[in-house]
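**Student:** Given next are the chains, with one letter for each unit.
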Amino acid sequence: MDQAPEAGEFMLADLGGPVREALFPSTPVGDGFDTVVPPGHGATRLLPGATVDMLGPLGRGFRLAPTGYPIARLLLIAGAESLPLLGPLFQAAPSVVLVVEAATRAQLPPPNRFPPTVELTLVTRDGSAGYLGPLEAEGAAPAGLERAHTRLVELVAWAERICVAHDPSRYPALAALVKRVRLQPHADLAQAIVRVPMPCGAGVCDVCRVATPRGERRACVDGPVFDLLDFLPE
Amino acid sequence: MIELAPNHKYGLAIDVPLMPASGAFGYGDAYGDLVDISGLGAIVTNPISLQPRQATQGRRIAVHEDSFVVHTGWPNPGARRVIRDYGATWERLTVPVIVHLLANHTSEVARAAALFSAVPNVRAIELGFTAAASRKRAVELVTAAAVEGDLPVIAQIPFDRVDDLAPYLARQGVDALTLTAPPRAVLPVDENGEDPGVARFGRGRLYGRALFPLLLNTLSRWAVKLPVPVIACGGIASPDDALACLTLGAAAVQVDALLWRDPSLLDRIARALAKPRAAYPAVTHLLSPNEPETEENV
Ligand code: FES
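Residue numbers (numbering that gives the first Met the number 0), protein chains in the order written: chain R, 0 to 233; chain E, 0 to 297.
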């Protein structure tokens, strides 16, 4: 591999099926990368040492310092199942806060999985651990629980960059939250990754089209990382 | 030099009998350095409508073993926008551009054909029909494109309409035929980690190696009988596949969505087809191309 993918970029791997599959880096390793795939994924059938033909890196990844000016405060927001997509960013700034949301406690990752420099904020939608979700829900919490929303507003105000990997159906509400807190957010202040099948990776097949209030985009060439505000309801 | 529209006043001459199929290659520049376009005979654009079209919502691909179905609704920015975005690129190409039009309404096809005929290096129109298009409708659409566009018209025949439409359109003056468009199919969705135990299905255009023997069957029955050139399309995945199609009478081949897995396939086929014809490997016929199909030999 000539070049490893950066956070949010992907490789198209030939895993023996009739179309290639996108692999996203979860951790950079030397010249390569670790990736996390769901159980049953084609990559799980590879034998150790197997050679895999890959195209890439492809796509627009997370853009942390497009002007070359490094950032100091990075906020990461992830749904538990999408968390590996943010893995390469865990040490991308001196100060990183990671907000992880899961349906319930058992789906939260163990805290020892993260570098000690990452400040964790855990959220469950049933209130079984950490803050009470959903992230964007406001209003009073039941006794003994604290809403995640209040904490999230503080973190959005604090961050120099916000990178999100979650269920895209949540992006309009998260975009609205960022817009409320930051009033005039600059382009790419908040970025969100969309993970969809990308069989061609070249902008040809239209399988990866993502509907946004500002029109359709192709995840493979226009994304898969988009400005979160692209999802802001009109 | 291969002439794909011998009866048309301008003709459609190509150097290499090879092109990507509509929907497999975008509008010409998507694969960049991965494909040497100058080694192809032509490019065929993604399907284009007069007005912009949005993508279908929901799952657009289902993969099952060696096959996959795709259902996108053929989203595209509309004829005028495509011309604005890609016209200059097409003009620079050293191979002809064949514009694939979604053939739904005669008035739209006529207007789109007229627009594209004014774009430099657009040298033919390929029409894609709905599977339900009647013969009469298909002829109207071909006529609309031919009259308003003034370019050779290639009809891409729906998979299960070859016997019905191909000879009819050939007699009615279409310049060439693409056999065939991908068949419609339903595939179970491989779980791939998603909701195991929940049976789900995808419907759409079918792609995969399994189409190739069906293509050869179609070619063996029709390619040399039809009075116009035939462009073979469906499941071609190697230089030998392409050579087999030419040996069975196809004038050229189109490589469909199988090139997404291996974009270098086009270059490899192009190199093989650039060899002199005498060097083509022999293909053993199970059926003579001219042998009539009967109950016994089907
Ligand atoms: S993966 Fe084919 S257009 Fe994006």
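Hints listed in this document are in silico derivations from the structure and should not be mistaken for laboratory results.
Quick reminder that beta carbons are idealized off the backbone N, C-alpha and C, glycines included.
Take the hints with a grain of salt, since some may be wrong.
[As the list claims (entries may be wrong)] Using C-beta positions, here's what the derived DEER-type ranges look like:
1. R:Ala172 <-> E:Asn103: 53 to 61 Å
2. E:Glu2 <-> R:Tyr68: 53 to 61 Å
3. R:Asp13 <-> E:Ala130: 52 to 60 Å
4. R:Pro110 <-> E:Pro212: 14 to 22 Å
5. E:Arg199 <-> R:Arg104: 38 to 46 Å
6. R:Ala139 <-> E:Phe200: 41 to 49 Å
7. R:Pro232 <-> E:Arg270: 45 to 53 Å
8. R:Arg124 <-> E:Thr88: 42 to 50 Å
9. E:Asp162 <-> R:Ala172: 50 to 58 Å
10. R:Arg44 <-> E:Arg199: 45 to 53 Å
11. E:Ser263 <-> R:Pro27: 23 to 31 Å
12. E:Arg134 <-> R:Asp30: 57 to 65 Å
13. R:Ala172 <-> E:Asn120: 43 to 51 Å
14. E:Pro212 <-> R:Tyr68: 40 to 48 Å
**Student:** Give a verdict on every hint.
**Tutor:** Structure-based check of each hint:
no.: 1; hint: R:Ala172 <-> E:Asn103: 53 to 61 Å; verdict: 38 Å, violated
no.: 2; hint: E:Glu2 <-> R:Tyr68: 53 to 61 Å; verdict: 60 Å, holds
no.: 3; hint: R:Asp13 <-> E:Ala130: 52 to 60 Å; verdict: 32 Å, violated
no.: 4; hint: R:Pro110 <-> E:Pro212: 14 to 22 Å; verdict: 56 Å, violated
no.: 5; hint: E:Arg199 <-> R:Arg104: 38 to 46 Å; verdict: 29 Å, violated
no.: 6; hint: R:Ala139 <-> E:Phe200: 41 to 49 Å; verdict: 44 Å, holds
no.: 7; hint: R:Pro232 <-> E:Arg270: 45 to 53 Å; verdict: 52 Å, holds
no.: 8; hint: R:Arg124 <-> E:Thr88: 42 to 50 Å; verdict: 48 Å, holds
no.: 9; hint: E:Asp162 <-> R:Ala172: 50 to 58 Å; verdict: 54 Å, holds
no.: 10; hint: R:Arg44 <-> E:Arg199: 45 to 53 Å; verdict: 21 Å, violated
no.: 11; hint: E:Ser263 <-> R:Pro27: 23 to 31 Å; verdict: 28 Å, holds
no.: 12; hint: E:Arg134 <-> R:Asp30: 57 to 65 Å; verdict: 60 Å, holds
no.: 13; hint: R:Ala172 <-> E:Asn120: 43 to 51 Å; verdict: 47 Å, holds
no.: 14; hint: E:Pro212 <-> R:Tyr68: 40 to 48 Å; verdict: 59 Å, violated
In the structure shown, a violation is registered for the earlier hints numbered 1, 3, 4, 5, 10, 14, in ascending order.
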